[in-house]
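2 protein chains.
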Amino acid sequence: MTTEETARTPSFSGAFEELDETIHQKVRLGIMSTLIALKEADFKLLKETLGLSDGNLSTHLTLLEERGYIHIQKSFRGRKPHTSVTPTDTGRVAFDRYVSALERIIKQS
Amino acid sequence: MTTEETARTPSFSGAFEELDETIHQKVRLGIMSTLIALKEADFKLLKETLGLSDGNLSTHLTLLEERGYIHIQKSFRGRKPHTSVTPTDTGRVAFDRYVSALERIIKQS
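Just so you know, the sequences run in chain order F and H.
Using this note's numbering, you'd call the opening residue of the first sequence number 159 and step up by one each time.
Using this note's numbering, you'd call the opening residue of the second sequence number 159 and step up by one each time.
Take the hints with a grain of salt, since some may be wrong.
One copy or two, either will do: identical chains are not told apart, so a pair holds if it fits within one copy or between any two.
Derived pair list, reagent style DSS-like, types lysine-lysine, alpha-carbon separation capped at 30 Å [unchecked claim]:
id, residue 1, residue 2
1, Lys-265, Lys-232
2, Lys-184, Lys-232
3, Lys-184, Lys-265
4, Lys-238, Lys-265
5, Lys-205, Lys-184
6, Lys-202, Lys-265
For the record, the hints were derived by calculation from the structure and aren't laboratory data.
On a predicted model such as this, the values are computed, not experimentally measured, just so you know.
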């Protein structure tokens, strides 16, 4: 295929631009996918499911919270601290858009 | 959902581990998707479709070639150098596996 034919793939260029880097990063994709699927997950579950250290998971959760994609609620269960994470509406919309852009990239042509 | 229920999502953990970082990186995902869809693309087409600098595209093409995912053929068209890029069988298999792992991650639950 030559350069002149680039115009045949306009949806791809758009999808490529739209691919949300906040979600695309592997760990954050894992977090968001888990939260969308389960509706809620605690810190320990995310850590074990994704095989992450406390620090690594915390870093990515903080970034997702700053972007408004997740809500983090800290509480106590008896004497033990408990961290519950849920996706926000903004996060759900962003995830849907991400999946849509990804499908357009992968299934282009 | 609590930690005890982690066992309900075994396919997710596996898919997460399998997600090929060589392909997942955004630029390389763009390159591989384009090559799989078009079967062949020249340097200029990839550069313009993905909106990359020569240096950035070259870096990612070199890495994909080192991994055996693509074949790069340099030639001349008249006096102009021409670089043709095609996916290898290894690259096609890796791409299929990547897409499969991605689908399992995104559609988990």
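Results for each hint:
In this homomeric assembly, Lys-265 and Lys-232 come within 30 Å of each other (Cα to Cα) only across copies, at 28 Å, whereas the closest approach inside a single copy is 41 Å. Proximity of Lys-184 to Lys-232 under the C-alpha cut-off of 30 Å is restricted to the intra-copy arrangement: shortest distance 25 Å within a copy versus 34 Å between copies. Taking the closest pair of Cα atoms, Lys-184 and Lys-265 come within 30 Å of each other both inside a single copy (20 Å) and across two copies (15 Å). Neither within a single protomer nor between protomers do Lys-238 and Lys-265 lie at most 30 Å apart by alpha-carbon distance, with minima of 47 Å and 32 Å respectively.
Taking identical chains as interchangeable, the C-alpha atoms of Lys-205 and Lys-184 lie at most 30 Å apart whether they share a chain (14 Å) or sit on different chains (25 Å). Taking CA atoms no more than 30 Å apart as the test, Lys-202 paired with Lys-265 passes between copies only; the shortest distance there is 22 Å, against 35 Å inside one copy.
When each numbered hint is compared with the structure, a violation occurs for hint 4 only.
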